[in-house]
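Residue numbers (this note's numbering), protein chains in the order written: chain X, 1 to 111; chain F, 1001 to 1113.
The set of hints was computed from the structure by calculation and includes no laboratory data. Quick caveat, the model's predicted, so the values are computed rather than measured. Honestly, I wouldn't trust all of these hints.
Unchecked claim - List time: in silico EDC-like cross-link candidates among lysine to aspartate or glutamate, alpha-carbon distance up to 20 Å:
no. : chain 1 : residue 1 : chain 2 : residue 2
1   : X       : LYS26     : F       : GLU1058
2   : X       : LYS50     : F       : GLU1101
3   : F       : LYS1007   : X       : GLU40
4   : X       : LYS98     : F       : GLU1086
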Amino acid sequence: QQPVQSPQAVILREGEDAVINCSSSKALYSVHWYRQKHGEAPVFLMILLKGGEQKGHDKISASFNEKKQQSSLYLTASQLSYSGTYFCGTEDPDSWGKLQFGAGTQVVVTP
Amino acid sequence: SAVISQKPSRDICQRGTSLTIQCQVDSQVTMMFWYRQQPGQSLTLIATANQGSEATYESGFVIDKFPISRPNLTFSTLTVSNMSPEDSSIYLCSILAGDYEQYFGPGTRLTVT
């Protein structure tokens, strides 16, 4: 079942922060985050595993609440390069490697 | 990290024809996947390409429409058969790197007229 992402879209000025949420109705083994720019393939950002720690990549970090089957992606001090569509992909314990993707969150960072 | 390439990068095909998409990885990988991304939509898993055995298809996708080959640990093909305009999408292969991380190829943009 497809995870639910929110918000659908967000517009930021450079330097502002944003949070993207991803929730599932099923127990999860992992949550994967990707960013896709127009006309390009999705680029892997990070993975959060059940029982694992909060991850960070430059000024983009994420958390995973296993009990609530929710993950959040934090964009801190956003840069123009952060613009794109962000997808979460969820993996349940019985489907190793098979990702179910959310509908995506479009992020636009303006000067 | 592994380098993934796909051929063709894009194609325009007539309805009723078939197209075979190739996915090549520069290192051996156990698990490869094929996804479809319809215009403006999210990614949907088509199947898992298993080396040495039949591909495993997700609900809504069948082997007759999307036959897959996986002859070795670095290569896979996906064929889109008897195409209709509804098959117009980006088709992406992905690999499982290490134990958990999944990386995508550049994609094949297919337009069916």
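Comparing the hints with the structure gives:
1. Between LYS26(X) and GLU1058(F) the alpha-carbon distance is near 18 Å, which keeps this suggested pair within the 20 Å criterion.
2. For the proposed pair LYS50(X) and GLU1101(F), the alpha carbon gap of about 14 Å is at most 20 Å, so the pair holds.
3. Pair hint LYS1007(F) plus GLU40(X) holds up; C-alpha atoms about 15 Å apart against a cutoff of 20 Å.
4. Restraint check: the Cα-Cα separation between LYS98(X) and GLU1086(F) comes to about 24 Å, which exceeds 20 Å; the hinted pair is violated.
In summary, the one numbered hint that this structure violates is 4.
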